[in-house]
Each structure stands twice: as structure tokens, then as C-alpha cells.
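Sequences are here, hints too, so could you generate the full structure?
Each residue of the sequence shown is one higher than the last, beginning at 0 in numbering that gives the first Met the number 0.
The set of hints was computed from the structure by calculation and includes no laboratory data.
With a cut-off of at most 20 Å between alpha-carbon atoms, the simulated DMTMM-like pairs for lysine to aspartate or glutamate come out as follows:
| hint | residue 1 | residue 2 |
| --- | --- | --- |
| 1 | Lys43 | Glu186 |
| 2 | Lys86 | Glu156 |
| 3 | Lys86 | Asp152 |
| 4 | Lys67 | Glu90 |
| 5 | Lys169 | Glu186 |
| 6 | Lys67 | Glu146 |
| 7 | Lys169 | Asp42 |
| 8 | Lys43 | Glu77 |
| 9 | Lys43 | Asp100 |
| 10 | Lys86 | Glu146 |
| 11 | Lys67 | Asp100 |
Between beta-carbon pairs, the in silico distance windows are:
| hint | residue 1 | residue 2 | range |
| --- | --- | --- | --- |
| 12 | Leu187 | Val24 | 24 to 30 Å |
| 13 | Asp108 | Arg36 | 23 to 29 Å |
| 14 | Pro157 | Val188 | 16 to 22 Å |
| 15 | Ala39 | Leu8 | 44 to 50 Å |
Computed from a predicted structure; not experimentally measured.
Here a beta-carbon is modelled for each residue, glycine too, at the ideal position from N, C-alpha and C.
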Amino acid sequence: MRYSKGFTLIELLVVVAIVVILALVSILAVNQSADRRYPAEADKLLIWLQQIAQRSSLEGAAYGLVAKIEGDSQATIELQPVIYYRKRWVEVLSPEPFVLDHNGTITWDMESIEADELIVQSRSVLPQINQRGEIEEVEEEDFLLPEIAFLPDGYVEPEGVMQLSFNAYKNAFNYQWDDTTNNIIMELVESSR
0 MRYSKGFTLI ELLVVVAIVV ILALVSILAV NQSADRRYPA EADKLLIWLQ
50 QIAQRSSLEG AAYGLVAKIE GDSQATIELQ PVIYYRKRWV EVLSPEPFVL
100 DHNGTITWDM ESIEADELIV QSRSVLPQIN QRGEIEEVEE EDFLLPEIAF
150 LPDGYVEPEG VMQLSFNAYK NAFNYQWDDT TNNIIMELVE SSR
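Take a look at the structure:
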């Protein structure tokens, strides 16, 4: 009996077919993961917004969102939660700010309100200690003003739509307050860009 020192043509074709099938499956998986990336980011923002609204109701305090703007492009790159405390908006450490990933941008389409501010802030003089240990009274100039406020009674001011869109994704995500369920809802829409 003669022993062969190689592979038959059928064995080679089977191996090539398996490699091609694995390559196609991996290419499809990579392409689909890119399409899932943006809805997953939108879901993360929805959960974060719901957390802020629920925290406002549970703690009985007004929470707001301040948009951190990138200097060059004027795009919102981060949402910083703030709380209304002692007649002024103050940044909080928990929950952490929501940083927009994947070149996401947020646009605001809110109803215009009559007053300049959502909740009037105190313009009082704040005591501060100077380098010599003496107390000085310094007027605070840098006030935080949120784009949207979650009130403890279950309302959101001002009413309107917040839209999250991505440069590489054809659709956008709208977020708005639903008065009947006292919850934020998200819907997928055609991008306005």
C-alpha cells in the first residue's frame, strides 16, 4: 500500500470553504456591531436621563443638566448634572456626567420661557477667605444655568425635545418628557442634518 505525502484536492477545498465562511461571518459581525453601537449609546443616555428624573423625585430636589460645549465646534460633548441648592445651581458628583461617545451631538429644541432662568438664583454676596486669612465678600459671577430641569413633582422645564445624533449614523434619537407616565421616552427619527 502506498502512503500519500500530501492533501487531496477535496481536503484542500473543504479547508478553503471553511476559511471563507469564517471570514464572511466575521465581516458581517463587525458591520452589524457598528450599527448596534449608536442605539446602545442612545439607550445609555435614556437610562441616565431617567436616573436623573427619578433621583429628583426621590430626593425632593430639582436637578438640571448643563451642557459642556467644545470650544472649536460648539458641539455638546458632555452633560453635567446640577442640583438646585440654597438658591443656586451646584454641580454634583453623583451621578457622573454623561460623556458623548462616537462623535455624538445633542441639539435642544425647547419651548422658550418668559423668564431668563428656570429657577431664580441668588445673586447674594458669598464670603471667601483671602490669603491673609481675612474674610472677604466676593460676588459670584459664574452661575450655572441648566438647559433642562427635572422638578421633584414630576415635571420637566422647559418642555421640548432633546435630539442625539451621530455623524456616521443616518438616524437620530429624540428624547422628550411624557406627562402621562412621568417618564422620558426615546424615539428613533430621521436625522435633521
